[in-house]
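In the order they appear, the protein sequences are chains A and B. Using my numbering, the letters of the first sequence map in sequence onto residues 1 to 216. Using my numbering, the letters of the second sequence map in sequence onto residues 217 to 498.
Fair warning: there could be bad hints in the mix.
Label-pair distances were calculated between CB atoms; the ranges are [said to hold, decoys possible]:
1. A:72 x B:370: 57 to 63 Å
2. B:383 x A:53: 45 to 51 Å
3. A:10 x B:232: 44 to 50 Å
4. A:178 x B:424: 38 to 44 Å
5. B:424 x A:137: 27 to 33 Å
6. B:387 x A:126: 56 to 62 Å
Bear in mind the hints are in silico, worked out from the structure with no lab data behind them. C-beta: ideal position from N, C-alpha, C; glycine also.
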Amino acid sequence: MIQLFQVYKNFGSKNPALLDINLTVKKGEFVFITGPSGAGKTTLLKIIFCAERPTSGNVLVHGRNLNRIKERDLSLLRRRIGVVFQDFKLLPRRNVFENVALALEIIGFPLPMIRKKVHQTLRYLSLTNKEGYYPPQLSGGEQQRVAIARAIVNNPLILLADEPTGNLDPDLTMEIMALLKEIHIRGTTVLVATHSKELLKGTTRRIVTLNKGRIV
Amino acid sequence: MGNIRENRLVHLIGIGTMSIAFLIFYAFILVFVNINYWTEKQGKTLSMSIYFKEEPDSAVIENIKKELFVFPGVTVKQFVSKDDAMKSLRRKLGEKAGLLDGLKQNPLPASLEITLSRDKGGDNLPYQLKKRLEKSSVVDEVHYTQEWIKKFQAIMEVIKIVGVIFGGLLFLAALFIITNTIKLTIYSRKEEIEILKLVGATNCFVKIPFMIEGSIQGLLGGAVALFALFLAYIIAITRIDISIGFASFNIVFLSPYIILFLLLMSVIIGFIGSTISLGRFF
Ligand SMILES: Nc1ncnc2c1ncn2[C@@H]1O[C@H](COP(=O)(O)OP(=O)(O)O)[C@@H](O)[C@H]1O
Ligand SMILES: [Mg+2]
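Input sequences plus hints: build the corresponding full structure.
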């Protein structure tokens, strides 16, 4: 499903952000990517959905080599990958409904279908009463949930979540983790990047630890 | 088109800048069209003034007219009496008309204004006519403008060439300004574009709204510019009395065809401008 072969990423500084990364994530797996801040977790996720290109090495996602993928195919692939960005990346001038609907609009879903799916997802994330709000009017935790809603509304094959509980209090953190588990049970491959040791306590899931750009 | 609502200020600035760019270009075209129109008209007709020794009575005028109508291509425009000539001079002098108050008698001659068509009368007609009329006992002098027009036409040819080059440069300048204006709109939504692409929007999905927007901006900018130009034209024809030599110069506005063409062109410029700006962005 996701394979990285000898991936290096250098942003131009002395120390590369990622070096010699070999990683295979099977279809339907749930993987935590952990490590201290600056370890390269975000960069790793970015490489998987091709927001960054590796300096060298190969990345295969859903059978496609990202080094050789065409512009159009990349768009199609990204529609199968839901991403919860560390900084959410919500559109500030569109309300909650419109932000979530965006993921379906770009695919060209008919409007009644978009409405139905967005409402369903917002209910699932307890955001129904925030539908008309604009991102700046929401708390960090609410924005995070909108970001998750946008990522899962299209039932992606892969969900990449970058510090999805970074802005949440303990109660909400547990709620979101339960949600991610549920999405996983429905068949989605889930990668969660987190620097929080708390989150990993007692988990039986696979943990990939990064340090200074290397898998340890 | 929710986007137009979202970035109202950027759009207003954009349309404003475009309007100015278009206005300069259109104003130039208006001047050019007028010069063209005028030379064409002047090239075919020629005006002649027949000055009388004394104020003629209507019988004298009728006689002269009869004599004139023998020649093909002659049109009598108007008779200007001594009083008319004085009035027109006063009007031209405006505030300085007081200078004329000291005159005991009107020194201005009465005249008959006529035009000759070169197509019908031939090149030699003005000279023949002048010779013949000046033999008459009531006629003092005959003036016509051909010499001057001939020289003028040579200059016009040069102006036309310069005009086409200058117009082309203005067109490029307008396109450049407009491309940069649209780039500003696109940059103001750089983040949005990035997010759209990250969630899987195709290039077309992202680009097409900008192209439509650019075309609409172009159309609005062009329309505003044409409207401003029309206002300026109205003010010009009501306030300014332009006359060169004997030929009075009446300004014409752009014909409906040219207006339609210019509007279409502003849409196209908006479209090309957004395509160019997007090309650099993606
Ligand atoms: N766009 C970038 N340009 C330059 N350096 C970057 C960029 N993105 C990340 N880095 C560097 O790469 C390293 C890893 O960053 P990141 O992947 O964000 O770490 P993490 O998510 O684990 O905190 C850091 O040293 C960071 O400064
Ligand atoms: Mg990070």
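Each hint tested on the structure:
For the pair residue 72 of chain A and residue 370 of chain B, the supplied restraint of 57 to 63 Å holds, since their beta-carbon distance comes to about 60 Å. Taking the beta carbon of each, residue 383 of chain B and residue 53 of chain A are about 46 Å apart, inside 45 to 51 Å as hinted. Restraint check, residue 10 of chain A to residue 232 of chain B: a C-beta distance of roughly 45 Å satisfies the suggested window 44 to 50 Å. In this structure the hint that residue 178 of chain A and residue 424 of chain B lie 38 to 44 Å apart at CB holds, the actual value being about 41 Å.
Against the hinted window of 27 to 33 Å, the Cβ-Cβ separation of residue 424 of chain B and residue 137 of chain A comes to about 30 Å, which satisfies the hint. For residue 387 of chain B and residue 126 of chain A, the Cβ-Cβ distance of about 58 Å falls inside the hinted range of 56 to 62 Å, so the restraint holds.
The structure meets every hint from the earlier list without exception.
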